[in-house]
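So the chains spell out like this:
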Amino acid sequence: MSAIESLINPPTASSNWQGRLNLQFQVNNGQTRLTHSQAIAPYKVQRSFAHRDGTCQVVMLHTAGGMVGGDRLTTEVTIGEQANVLLTTAAAAKIYKSTGNLTQQTVHITVAPNAWLEWLPQETIVFDRAQYRQDLQIELAPGAQVILWEVTRFGRTARGEHFTQGDWRSHTEVWQAGTPLWIDRQWLPASPEMLDSPHGLNHCPIVGTFAWIGQSLEKADVEAIRQLWEPITAHYPGDQLGVTRLPQGLLCRYRGHSSTAVRQSFIQIWQWIRSHQDRTWNELPRVWML
Amino acid sequence: MQTSGLLRLMQLVSPSLPVGAYSYSEGLETLVQRGTIANVEQLQHWLTQELTYGAVRLEAAVMLRSYQASQAGDRVAIEYWNQWLTAARDTEELRSQSLQMGRSLLRLFQDVQENLNSTQATDLETVLTTLDALKSQGCHFAIAFGLVASMWEVEETSTLLGYLHSWASNLVSAAIKLVPLGQTEGQRLLLALNPTIEQAAQTIVQLADGDLVSCGWGLSLASMHHETLYSRLFRS
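Residue numbers (the working numbering), protein chains in the order written: chain A, 78 to 367; chain B, 599 to 834.
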């Protein structure tokens with residue numbers, strides 16, 4: 078089935094995917110390499126790139142177009158000591174409407190001492206009537222750090238669809254030596270009221286979260302990020318962007334109408350962090366450019 | 599509930615309890631300045647959403663876990679949930695608020711607890727060691743509240759209702775100053791929130807650990823923006 082056909086006629090729940098992805102990374106002579114890769118359909122892994130600062134970039138690919146109720150995808154990533162890994166996806170993820178069963182995605186990542194993980198997937202489009210639950214669990218060893226983002230669009234807004242029925246949950250947890258550093262338990266039980274409420278989506282179809290965990294920051298860093306964003310917030314007055322410190326990191330939230338706005342603002346912080354960490358490479362991965 | 603438990607609950611949820619609750623608006627100041635909350639109906643909507651889907655639901659559920667762990671003398675569980683709240687509070691201001699109020703309540707409890715005549719239900723030694731540990735790592739208000747309510751032998755459901763009601767009452771007071779609203783309007787709203795509070799309490803007691811979820815976009819953004827407001831009456 079082509080991508081366009083699968084949009085028109087989402088696959089039925091009779092043939093559920095139980096995809097698995099297992100990736101392992103190690104450093105060799107300053108360059109991080111993908112040392113083990115196992116992908117069970119619908120997952121695929123594109124060829125990895127070695128960036129000049131030693132970062133290994135891997136693009137994950139979901140070949141089935143989207144996920145239906147009953148699909149269950151599991152990803153396990155192990156990142157070795159001192160390794161630098163950037164994981165992203167080839168395209169937006171789509172969560173189709175469900176006839177009742179839950180669509181589940183579970184990701185577990187262990188990051189060894191002084192390793193650096195960037196978990197930067199492209200946006201997820203949650204169709205009306207989807208029943209979705211994702212779990213991202215990251216274990217950081219001492220000295221390890223993670224940058225992660227998540228961008229979610231509720232409803233295929235281009236065709237006027239809104240997320241008025243269904244349920245979406247995203248649980249993200251980052252732990253270090255048995256202590257939780259960041260726990261994010263987001264829930265959106267769909268309803269027209271939830272979409273309209275200033276407490277919920279405030280008429281905005283897109284939400285985003287950006288977090289950097291594993292390092293404590295100064296108040297001035299938060300101020301610098303706010304200034305970085307000024308041109309974006311001026312250009313998108315209906316959107317909201319916020320930033321705050323975590324005990325061991327930084328958290329940003331976005332709620333608005335523009336994929337471009339959320340993408341630009343998150344890429345700016347990503348590049349700002351990279352330049353402050355003396356990471357020489359901060360050009361955009363090619364798959365992000367549309 | 600025994601009369602003594604009821605009287606202690608009234609003390610614990612009283613606005614005169616010196617824990618500084620009156621200095622926090624939990625994002626309401628931002629929302630009022632932005633014009634999002636400009637009348638009592640909009641305030642009622644916000645508080646209802648927060649009680650039904652928001653962060654206070656999680657806090658109250660953790661408060662209940664602290665109460666139960668304290669009843670069971672389970673120090674490990676109390677410390678676990680305290681760390682959990684540190685990791686789960688969305689913004690720096692909300693985290694600071696929770697820790698400042700928790701610290702104040704613990705200190706107050708230790709200062710007044712010699713007047714307590716009965717602590718048979720719990721192992722006082724365990725609680726005192728727990729208190730010392732919590733003081734050194736920073737104690738959240740919800741944790742301290744559950745612990746004190748348990749030590750004061752307040753009945754569990756009343757503790758939960760009391761926690762939610764004192765939260766609502768404090769935010770209504772903040773909104774009376776901010777919007778501003780009349781005192782009578784505020785009292786009418788508090789009465790009107792009772793069914794929501796009861797419903798929230800019924801849901802919260804049933805939440806399993808895996809169901810501790812909330813819809814946090816509105817509160818999180820309002821709280822993040824509070825730090826940048828030009829003039830501020832409140833600390834959150």
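Derived from the structure by calculation, the hints contain no laboratory data. One or more hints might be untrue.
[What the hints assert, rightly or not] Okay, the calculated beta carbon distance ranges per label pair:
#1 His334(A) / Ala636(B): 19 to 25 Å
#2 Asn105(A) / Tyr620(B): 56 to 62 Å
#3 Thr241(A) / Asp809(B): 28 to 34 Å
Cβ coordinates follow ideal geometry from the N, Cα and C atoms, glycine included.
Taking the hints in turn, this is what the structure says about them:
1. His334(A) / Ala636(B): 19 to 25 Å: Given a distance of about 23 Å, which is inside 19 to 25 Å, the answer is holds.
2. Asn105(A) / Tyr620(B): 56 to 62 Å: Holds, at about 59 Å.
3. Thr241(A) / Asp809(B): 28 to 34 Å: violated (23 Å)
Consistency note: the structure conflicts with earlier hint 3 alone.
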